[in-house]
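A.B. asks: Residue numbers (my numbering), protein chains in the order written: chain A, 1 to 263; chain B, 1 to 263; chain C, 1 to 263; chain D, 1 to 263.
A portion of the hints provided could be inaccurate.
Claimed, not checked - Pairs of lysine-lysine residues, derived as DSS-like cross-links and limited to a Cα-Cα distance of at most 27 angstroms, are as follows: (1) A:122 <-> B:98; (2) D:229 <-> B:229; (3) C:164 <-> C:98; (4) B:211 <-> A:229; (5) A:98 <-> A:164; (6) A:205 <-> D:229; (7) D:229 <-> C:205; (8) C:98 <-> C:122; (9) D:229 <-> C:211.
No lab work stands behind these hints: they were computed from the structure.
Listed below are the residues making up each chain.
4 protein chains.
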Amino acid sequence: MPIREGDYVLLVGDGVRSVIKVVKGSRINTIRGIINGDDIIGNEYGIIVRTSLGYEVAILRPLITDILLERGGRVTQVIYPKDAAQIIISAGIGPGSKVAEAGVGSGFMTAVLAYYVRPDGKVYGYDKREDSIRTARRNLELLGLNEWVELRLRDVSTEGFLEKELDAVILDMGDPWNALPSATEALRTDGILVIYVPTVNQVIKVITAMKGAGYVNVRMLDVTVREWKTEPNEVRPHTWINAHTGFLIIGRRTIRPAAQPTE
Amino acid sequence: MPIREGDYVLLVGDGVRSVIKVVKGSRINTIRGIINGDDIIGNEYGIIVRTSLGYEVAILRPLITDILLERGGRVTQVIYPKDAAQIIISAGIGPGSKVAEAGVGSGFMTAVLAYYVRPDGKVYGYDKREDSIRTARRNLELLGLNEWVELRLRDVSTEGFLEKELDAVILDMGDPWNALPSATEALRTDGILVIYVPTVNQVIKVITAMKGAGYVNVRMLDVTVREWKTEPNEVRPHTWINAHTGFLIIGRRTIRPAAQPTE
Amino acid sequence: MPIREGDYVLLVGDGVRSVIKVVKGSRINTIRGIINGDDIIGNEYGIIVRTSLGYEVAILRPLITDILLERGGRVTQVIYPKDAAQIIISAGIGPGSKVAEAGVGSGFMTAVLAYYVRPDGKVYGYDKREDSIRTARRNLELLGLNEWVELRLRDVSTEGFLEKELDAVILDMGDPWNALPSATEALRTDGILVIYVPTVNQVIKVITAMKGAGYVNVRMLDVTVREWKTEPNEVRPHTWINAHTGFLIIGRRTIRPAAQPTE
Amino acid sequence: MPIREGDYVLLVGDGVRSVIKVVKGSRINTIRGIINGDDIIGNEYGIIVRTSLGYEVAILRPLITDILLERGGRVTQVIYPKDAAQIIISAGIGPGSKVAEAGVGSGFMTAVLAYYVRPDGKVYGYDKREDSIRTARRNLELLGLNEWVELRLRDVSTEGFLEKELDAVILDMGDPWNALPSATEALRTDGILVIYVPTVNQVIKVITAMKGAGYVNVRMLDVTVREWKTEPNEVRPHTWINAHTGFLIIGRRTIRPAAQPTE
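The shape of chain A in the complex, shown without the other chains:
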């Protein structure tokens, strides 16, 4: 597939890693020298080009995580790819899923969700901060994913969700226990609730609240991804890693039979 003007491309070379938009006649500056936009256009993706200083740089189609990590703006990224991946598989979110998320922050998780619920699912993104909604919207547009997302400026703890029968709800906020009743109402009767919190103080409150509200199969997970150096003669884990982002707590809503009293 040839690279066309206006495409976003991922540049990868020695010390080079960025996502840029291809423009005719442009000169792309990298720390390894200049690349001409015209040398890229019309070539196949995967092509290796040379910079003005003679270094090799590969031109690749970016993944949505590449675009978000490189161009998603300066709002704190709350949910990392490693946790996003675990949430999606643990909650069974896939094509066709209807999912709500509160709060969206910069829209990183929102975008990943939108990517996976396509083409017939939907993501409802809530945040009580207008600047988060604005940043998330811009990121979703950049990625061409806004069609699958409804963004809502609304405090779910006090005002609730507008949807019902959702497959999953994801709470990424400081006081998720306050949004638990709203989330339960918005879920289908065996829907999946995912809560993401950084401290164990919050963890204890969340677990207590979820068990009290009848959730079952409540699991708590802590994902670590160790990245390694990949020089053939020097294969070893990187010295410093991001060892903690948040704890994931996942459970399933249940209901009780109307007639049968729970002694």
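Chain A is fixed; fit chains B, C and D onto it per the hints.
C.D. replies: Then chains B, C and D, alone, in the frame of chain A:
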């Protein structure tokens, strides 16, 4: 959504966790007593029922990972959910992706891939063992995912892949370096190669081969998911965890301009 | 150094690992065949002997951790070698240190402490259970370390420690916050307190209590030791590891100047 | 115990952590204001003093690891406390042990070893770089531990060790397989060899060489210490951790009976 005869359901209770098929007039044995199939049918998913011994059990829609883990048969499960999740997000596999996988084993990863490429993508699953193909086919049918998978009894190292222009290729075999030339040919020009191996001896061979074949952005990852006990008064990591399954090595194919000689 | 009758030796071979006492004329059964006690006595440590079935077994001087792990009895081992090592270095415990420990359990940590405070330090081991004191005493005798330990059947939470000016106090009990005032009194003015608890519920209580009691430099650690398979052609982490034993919380006592009021 | 002029003390306060030498009439600058040396001298260790800006700082006896980490100089610290602790316990190094170490680097591990072999053991520290020997000597003097260490400017791979019958040898160098024959000769017949290397390429060579040289009980370990934030209302792992320093490989020398040929 009411539970119907013939549905697979996930039972979750104190010490109870299984996936069963709902049959009218059946008696389901659990270690906490018996549940009557007729007490389940027609109820909403999420319903809590009581066993003959008075214990509560929740009846839930199973995720595909629940079904695979509980009923996927006794062939060794090679790629775990934690690694499957990381592969999917790191390789950008989603709705519409065209992906090949060699070898399929019991079909766990194949099923997860099929779930995420729906409705218009495709998974090509290769294995040189007939019993693996058979088990994978049975598991895919059980999950209703066979429509999105072509299974092929074929040794990719010697006979190659039948497809071209694939978005991603996943190699889960003992000697993936032998399949590397075939995988490269089957990928689109900037396609993503994922290799999954358990030992660092293999890791070194894989990295050397991938770099030699022009792959860039070669990353190596080691995913650990620590699962915690979720009693509100006793929140702590489980004592024993599955700390190692395999190392993930991920890279992107590149091509060189035809006319431009590489010094 | 030749092996003498009465020595404890560590046998290491393929599938063989045990600590036994060498007896003249004895026949030692292993899963790889029989070894004659007489074939061992008088040889150098490190000698490789052959079993009746032709397998090779090495005869080694056991470390104290080998003896404790193999012959320490069936009382739950509470503090693992990995955590014992971290405690010793984090608390600066070494030759000459005066240390108290409550509760001693089977005496594993007590023995390690005694080993490191030799020859002029002392360990004061408290437990409120008589059977723990008895087991710990037996283990210390087995190791020849009882000279450096005073064992005391006493509840430190209600009755306090008998010592003053200790370099370090280690609390390994369910409700360490109840023993905190006693521990503080027993420590020297800048002494080191180490608390070992398995749950984060306890962690929060401990940290709150320690900060409230004026401890500074309060650190919390979580030690993981991943053990690898060491076949030259198959180097990889073991699949299952002991991923959690307890959290270590370490802090230093302080005092306030008598005259200077703390507004 | 009162603080005397000339003592090294550890200052701990909000954002303050340093080791300084107490001098009469001195003014100690910290980022929280000034402390007068005269306000410290004569007080008990553990005292909380106030800076000129009103902040509280505790004055503590430093551990040897505090001194090394704060004042050990700018030579790369090769073996971290977490690994030093694991080496000491895994190799059974304690009071009375005779141990050699090659190379000493800045002397961090050497100092820890010296601390634990006191009062009647000895550490033999080898390095082929004169500046390492010099830095190590300065650090050992600073700590008052030089009495227990012999430093030797010598390449153990080509020239061997000068000692025999050592309890343990620690190799911390890039090509430890070249020093393996010398190390084996220097060990007692069932002595313990510890090798510390950062890459898995080295690991494979080390394991192959050790097994080939008759070492048994060869273990490989990978120690991770996760440090947590200890605010009572915000208990959580630190975001970034030092996730990899080196792999530890530990084994025991053996000998074969002179007369008995190995099949």
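A.B. asks: For a quick check of understanding: which of the numbered hints are violated here, in increasing order?
C.D. replies: none
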